[in-house]
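Each chain, written out:
There are 4 protein chains.
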Amino acid sequence: MTHKIAILGASGYTGAELIRLIATHPSMEITALSADRKAGMQMGDVFPHLRHLSLPKLVKIDEIDFTHVDLVFCALPHATSQAVIKKLPSKIKVVDLSADFRLRDLAEYEKWYGKPHSAPELQGEAVYGLTEFYRDDISAARLVAGTGCNAATGQFALRPLIAAGIIDLDEIIIDLKTGVSGAGRSLKENLLHAELSEGAHAYAVGGAHRHLAEFDQEFSAVAGRPVKVQFTPHLLPANRGIVATVYVKGDPKVIHKTLADAYKNEPFIVMLPFGEHPSTRHVRGSNFCHVGVVGDRIAGRTIVIAALDNLTKGSSGQALQNANLMLGEDETAGLMLAPVFP
Amino acid sequence: MTHKIAILGASGYTGAELIRLIATHPSMEITALSADRKAGMQMGDVFPHLRHLSLPKLVKIDEIDFTHVDLVFCALPHATSQAVIKKLPSKIKVVDLSADFRLRDLAEYEKWYGKPHSAPELQGEAVYGLTEFYRDDISAARLVAGTGCNAATGQFALRPLIAAGIIDLDEIIIDLKTGVSGAGRSLKENLLHAELSEGAHAYAVGGAHRHLAEFDQEFSAVAGRPVKVQFTPHLLPANRGIVATVYVKGDPKVIHKTLADAYKNEPFIVMLPFGEHPSTRHVRGSNFCHVGVVGDRIAGRTIVIAALDNLTKGSSGQALQNANLMLGEDETAGLMLAPVFP
Amino acid sequence: MTHKIAILGASGYTGAELIRLIATHPSMEITALSADRKAGMQMGDVFPHLRHLSLPKLVKIDEIDFTHVDLVFCALPHATSQAVIKKLPSKIKVVDLSADFRLRDLAEYEKWYGKPHSAPELQGEAVYGLTEFYRDDISAARLVAGTGCNAATGQFALRPLIAAGIIDLDEIIIDLKTGVSGAGRSLKENLLHAELSEGAHAYAVGGAHRHLAEFDQEFSAVAGRPVKVQFTPHLLPANRGIVATVYVKGDPKVIHKTLADAYKNEPFIVMLPFGEHPSTRHVRGSNFCHVGVVGDRIAGRTIVIAALDNLTKGSSGQALQNANLMLGEDETAGLMLAPVFP
Amino acid sequence: MTHKIAILGASGYTGAELIRLIATHPSMEITALSADRKAGMQMGDVFPHLRHLSLPKLVKIDEIDFTHVDLVFCALPHATSQAVIKKLPSKIKVVDLSADFRLRDLAEYEKWYGKPHSAPELQGEAVYGLTEFYRDDISAARLVAGTGCNAATGQFALRPLIAAGIIDLDEIIIDLKTGVSGAGRSLKENLLHAELSEGAHAYAVGGAHRHLAEFDQEFSAVAGRPVKVQFTPHLLPANRGIVATVYVKGDPKVIHKTLADAYKNEPFIVMLPFGEHPSTRHVRGSNFCHVGVVGDRIAGRTIVIAALDNLTKGSSGQALQNANLMLGEDETAGLMLAPVFP
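Protein chains in written order, with my numbering: chain A, 97 to 438; chain B, 97 to 438; chain C, 97 to 438; chain D, 97 to 438.
Source of the hints: derived by calculation from the structure; they are not laboratory data. Remember, it's a predicted structure, so these values are computed and weren't measured experimentally. Each hint should be verified, as a subset may be incorrect.
Identical copies look the same in the list; a pair holds intra-copy or inter-copy alike.
Here are the simulated lysine-lysine pairs, BS3-like style, with alpha carbons at most 30 Å apart [stated by the list, open to error]:
1. Lys360 / Lys349
2. Lys187 / Lys211
3. Lys134 / Lys153
4. Lys153 / Lys360
5. Lys183 / Lys100
6. Lys207 / Lys349
7. Lys153 / Lys189
8. Lys353 / Lys324
9. Lys100 / Lys360
10. Lys134 / Lys360
11. Lys183 / Lys134
12. Lys324 / Lys345
13. Lys134 / Lys182
14. Lys349 / Lys153
15. Lys284 / Lys134
16. Lys353 / Lys153
17. Lys284 / Lys153
18. Lys345 / Lys360
19. Lys284 / Lys156
Chain A extracted, bound-state conformation:
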């Protein structure tokens, strides 16, 4: 059986990445693509790397006939996403890649995103889309909220440790380095090649990054008490890839074993041998997340490092993994592509 898929907001990087992945999916067919400003264009003109595919023309959302659509990927900006999703026929399954349905506490949403939530009734049914930890809920969900790409990376390093109660919850630092595609295809001076290549810098330092809202929500829920981490993202001169260097207090061997046990049956989480650590280059273009653990020379301190591709495992690959579950397909369908190196 082939599932009919619509992608809303197909002219951004996450939309294009969804199409790349679905192109070799055995049981999905893309039947509609929307892009507001680029409506009327062919996808191959907006993203020439997809020229070889036969794809529907880009249209405005209003022009889509949703009658036979089984699942919608919504790759629109936050705030827009809410407004669009609440108008969709309620029988359609939805995977939202925006931030709109990630935060269960509506006050937190308003605090971090600067305006009230406009679809609070939908928030109630939304499931947080970190597949490895919400698998059953996602399988049964109608609406799944894709996680932040940085939030996913940090959680893969930390959730099992917090759950196991083996690290100091008040002393967690996530120093994260990310490629630039996470910022999307937007026209901003700080995303120009001339402003980014051959260097690095931190941004949103000191607790200003919105993905902290996800860390706060998820880590506190896992711990059963409030947990606040420090989080400093840095921008790399690279398009894809996130590496999170996480500093914790706890025994390195216990930490490694806890993570290895937690992930031993996960198809996409690759646990490295103790003492080894990952590189963004080795997950690029794939849905894999590599996790490594190293003990510090100071006893009782451990460094956990996780790496994934922000557009794949951090966003569109995760979305497809969730869609597979929601549609009753093999969770890994269309997602076993090996990373592209070099």
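Fit chains B, C and D to the supplied structure of chain A, relying on the hints for placement.
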């Protein structure tokens, strides 16, 4: 039916790329991997991006039992390749990725590669591996010689034009720009990041590049008379990708139509609309080659531009495409992966 | 004696580059900086790499008191430049970095830039700013028109050859590769890091690039008859640097000797030994232009390759070199900085 | 008066950087350059970006006549450096860029560098070359030991804070990102462009990096008690630049004021306004170090970020700054070059 595959020289970039592609191939199984200096290691230690795969351990060639091997990919350096292939059981099909069997004239081989050919008897049965132009011969071959990556790019731009007799054969210039992975994983000062990033330079200028031997052989064969082109490769600060800007004398519209007709049924050659031209970014990680044609402001002059990924369509993807034909499989099996962008 | 300098349009890359160079100039003092949209800001906030300098605040042009200004660098967009310069006090010397005064034929200006020239009376006194070939005129000029960066590179490779009559004037091809800073700090999708890194593509193919107007004007003037070249620029994943690979018909040794003789006393043109050729990396951040000559394997064909930094020798360095002449200073003052490598 | 300078080990990146800086120094003349394997070559052939300079030919160290040499920059590998420096005439001043004389405790040297020190008598007179903190000693020294580039960056962020006793000495984490030129021009697989571009990874995780020996020595000396920090370096796809993100416990405003006071008269340390933080791009090619301070959302936690160019302020620029002091010149001579951006 599953074909049993061995890859010799698996510790280089083309070996790794073969494994990446075969990882999702429906009817191939890798049963042996060789790597001389890295024998005894796991592939995931040599190339951590392949860590998620179950692969045979790297061994020396002598340790491989070829009894049940159906096809060998030989990704060894030239000269070594000859010596190894002539010792293989004669029933095994071979796709060689080195330069050893590309040149039908043994004197040309000696001239360009600096030593006599050591397996002249095998040269006689080798088929030149440019799939789109040698498809029938490849399907029937036991030994196929993969082309040079630059040689493939230039030929996709030019062969149909030379065959059709619509361009001046004495006035062809190929100005080519290539990523660095074509030079392999070798330890050379000029391949260091610090020597390459943020700049560009020509190399092998004036007729010194060995892929000229392939241009000479193939273009002369197609034309039925000697053809010598000018060819200047340049090194880009990029890992994958070749773009060849080809200057010819001939009518641009006729040239575009001739190429479009030649490639209209080709699954991997994407002909762009007249006046458009390709980018290496839009073929990265894929087996596609994009070809564009633009007329110059000077009447009777045309620029043909072709772009492909040197490791995929220019090398390992081409090799797999040929292997599919040799094994009676669908030519596109394992090769329809969309390019990775951005 | 210290010359008082104003820079109009200081918030772009060429403006910042002028400040970088003037920072160590022995006899220039920057007394005014304009930037329309960023008026009121400190230069160190617009360009943090200049934070260590004491510089005037950015203001609107109308706010500048030009009474004591000796020379103005005008780094404004074309069309705007004309309008501004014609309002400046006529005693002030002006180096214009835009395209507005490069073309002596006003009809050519209108053809290439799409609107009539608004300061035709000034065009009459403007001197084309390719220092090495207009040195005397520049020394005496009030208004000097900086050249296009690509136009400068191509001319360094070709002017002495055209003047000497030793190459075929109807068979010149300039295949040029340029870094992205030449496009300025403008918000365009095709200048984003994610759209540019790790690849290359041609643009303005077939005779569409405006710098062709300069090639046409200058080469025809040197030859004494119309000369039209082919010119294909390519965009590199690099910020600075242009390398022009120029294909000509003529004797390589004669060509090398002609260029070497032409440049033997030039402080900024470095002629490489016969058979060697340059890299953009070896001129980065400097006012030097490296020129090399290689003979092709086809007799009578020669490749001339020139490399320079588009922001320095191709733009702001050239502008300062011209300003030095106009002010009676040593032509090399502030410009002998060695290239930055790696 | 012109000082006669010899550079030993001139064929590496730090040697080339010294020449770049000295090229515009008002009172230094390079009279000898050594390079063991490249003896007999011209510097312009080893580093074509220096082609425009008249420089002595590369020779072996034994061939240098040190009679009239005033100061030697020793840019040799560690261990080699000791052996060479102890043979130099004792009247010659020496700035060593290797690790050989950085550690006052010879046992620490042996522990971190794996072999006994071979010139212990010289270690006694060596001064640690962090100019801003050892200025008087350096002015009087015959032998100055250049610091590690990472060690310098971390110390600029931390020394005044440790001296002032305003941060928790047991809770310091330095998460550092560095360009690749710090590893030199050595032929290692992990320095190839194809292994580095478009990604990032940590290395020497958990306390394995040799620059920790300098942190231990210096911070403990400043604090008057043992101080051990955590330090994780990461490799960036960039040639130049280090940014250190330092996590401390202490009041952010007090920390900012302490650093601002400490550096208010320093010509090369640029303190950013509270809440701002630096980028490697804004110091590239210069001797400046930018330092910023941001308070975390968790009270009592502060992030200090320092950025510098590893080849300039982190190595050759620091060396020249020290040499200026040792020779009685203005400390900033030859070093006021503005950063190169973009």
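Going down the list of hints, with the structure as the test:
1. Lys360 / Lys349: within (16 Å within a copy, 46 Å between copies)
2. Lys187 / Lys211: within (28 Å within a copy, 57 Å between copies)
3. Lys134 / Lys153: Intra 10 Å, inter 41 Å, cutoff 30 Å: intra-copy only.
4. Lys153 / Lys360: between (42 Å within a copy, 22 Å between copies)
5. Lys183 / Lys100: within (19 Å within a copy, 53 Å between copies)
6. Lys207 / Lys349: Between copies only: 25 Å across, 39 Å inside.
7. Lys153 / Lys189: within (22 Å within a copy, 44 Å between copies)
8. Lys353 / Lys324: both (24 Å within a copy, 27 Å between copies)
9. Lys100 / Lys360: Result: close only across copies, 29 Å inter versus 33 Å intra.
10. Lys134 / Lys360: between (44 Å within a copy, 28 Å between copies)
11. Lys183 / Lys134: The answer is within: 21 Å in one copy meets 30 Å, while 42 Å across copies does not.
12. Lys324 / Lys345: This pair counts as both: shortest intra-copy Cα distance 15 Å, inter-copy 15 Å.
13. Lys134 / Lys182: For Lys134 and Lys182, only the intra-copy Cα distance (23 Å) is at most 30 Å; the inter-copy one is 41 Å.
14. Lys349 / Lys153: So Lys349 and Lys153 pass the 30 Å test across copies only (27 Å; inside, 53 Å).
15. Lys284 / Lys134: Both: 19 Å inside a copy, 16 Å across copies.
16. Lys353 / Lys153: The answer is between: 25 Å across copies meets 30 Å, while 50 Å in one copy does not.
17. Lys284 / Lys153: This pair counts as both: shortest intra-copy Cα distance 27 Å, inter-copy 24 Å.
18. Lys345 / Lys360: within (23 Å within a copy, 37 Å between copies)
19. Lys284 / Lys156: both (25 Å within a copy, 23 Å between copies)
Violated hints for the displayed structure: none, as all numbered hints are satisfied.
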